[in-house]
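Residue strings, one per chain:
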Amino acid sequence: MKPVRIISRIDIKGPNLVKGIQFDGNRALGKAEDFAYLYYKEGSDELIFYDTVASLYQRNNLLEFVTAVSRHIFVPLTVAGGIRTIDDVQHILRAGADKVAINTAAIHNKNLIAEAAKAFGSQCIVVGIEAKHRDEGWWEAWVDYGREPTGINVIEWAKEAVDLGAGEILLTSIDFEGTGHGFDIELTARIAREVSVPVIASGGAGIKEHVENVIQHGRADAVAVAGMFHYYYAQPLTRRYSASDEIGLRMGRQIDEGNVDFLNLRYGGLFEKRFKAISITGLKGYLNSRGIRCRDL
Amino acid sequence: MDKAPRIVIVDYGCGNLFSIQRALLEIGVSSLISRDPDEIRRADKVILPGVGAFGTGMNNIRSYGLKDVIAEFAASGKFLLGICLGMQLLMRESYEFGHYEGLHLIAGKVTRLQEGSEQEQIVKIPHVGWNELHFKSEITTPKSSWLGLQTGTYVYFLHSFYVIPDDPRYCMASVEYGANKFCAIVQKNNIMGVQFHPEISGPTGLKLLKNFVFELKEENKIYAHAG
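Keeping their order, the protein sequence lines are chains A and B. For the first sequence, the numbering used here gives the first residue as 2, with consecutive numbering after it. For the second sequence, the numbering used here gives the first residue as 221, with consecutive numbering after it.
The set of hints was computed from the structure by calculation and includes no laboratory data. Keep in mind it's a predicted model, so treat the numbers as computed, not measured. Treat the hints with care, since some could be wrong.
In silico lysine to aspartate or glutamate, EDC-like type, Cα no more than 16 Å apart, as pairs [unchecked claim]:
no.	chain 1	residue 1	chain 2	residue 2
1	A	3	B	335
2	A	42	B	396
3	A	119	B	387
4	A	3	B	352
5	B	329	B	246
6	B	356	B	396
7	A	3	A	213
Far from chain B, by Cβ distances over 12 Å, these chain A residues were calculated [as the list claims (entries may be wrong)]:
no.	residue
8	58
9	73
10	145
11	161
12	280
13	291
Glycine included, every Cβ here is placed at the ideal spot set by N, Cα and C.
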């Protein structure tokens, strides 16, 4: 079996890493920059930065952020959110990103994928697909950070996006995202079978077995993990990670925007039950022990 | 103290120039991104980066008048490192969307990875991800390395095409990807090429770049008399 990539997904609002449930109710967990450096050092194979307020401002707000972090992080960086034009793609790549993920604009203007792939190469064009399961037995593509339905069937859309020149598919299940209940295995497997490019499964990991399942049964080529890592590295009361004090990742510290009360209250215990927080090396060690290869440092 | 080596990253309009420059800065080396023939001649070492299509890359190299100056630099015996497309351009020819002539610094060709499935796992193209290098036993031992890399080292790949040197001795290390077993590191004398991206291969990639800048000596010119 070929090695899989374990990717840290960092959703960003202002200076902060935020975490929500099903794209809603975002909470600030700490400074996004601090998490980015730590995840690189801890062995994350790639990082995805998602601008959660891009559709609100009609643009991607991560240029300065990417310029700063790319100076000291030397694994592939993907930027998502609010990328609408060829110029946007160029600016983000110039700032230091290795890839861009395009969702909303790709659906509204399919030529953008073809043009961007032609100008910069398919290898740096990721098409982000946010999927919601419909009772009728199909999955619908949503846009604007999970806010707007489109009526488009995600499996058809994934195939079309690849034909247009997408080099990877970043697949997020809106139903599962942030719930800690696991990935949408059926959806991931369907798309992984249908398209010739790598599929990154995102949204839903609560325990390490979920990651294993989406690789074994969902046939994901890469997995994006958010909450499981965030809750490990940003612990408010315990000190599982000894260096966390030093770089100020502890919850509630260095947060200058957003709702932080819940951090100190530990979600009222809600997430303690669903998420089994784990370090990046811990997750990779587990996967290796299950016969799934991934890079060790 | 020795003067810092002059490193030129060749700018032919295709590439990950800045990420390589940032990686060099991280290891304490300032470098010049340039397409000025005189700067390339004056360089102690040259990096030929590259992302994108072979045909476009060669066309740009020709239109900027860089083909001869790169050949001249290679003939000078100073070390040249091609990265990804930059490695592929070192070859004689490519079959990427047509047939194109390369820089011909190493005899060999560029061809596409094979799709298909292996143990029910679909082999995806482009090949994106971290893979372990397998060095030939005579290149590295548990005590020696190739610019800090050894068998088992993970590096990051992002490509659909790969090189086949005519003389397999020029292939230092290979990688298995599905049914493909492709050359990941090529070297002939002072000409080196890597299919992966050291600038985004984490601490391992930085180590390679550091060794390329500071540690290379005459004895690193492997197979100086071969072929």
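Hint check against the structure, violated hint numbers in rising order: Failing hints, ascending: 2, 3, 5, 9.
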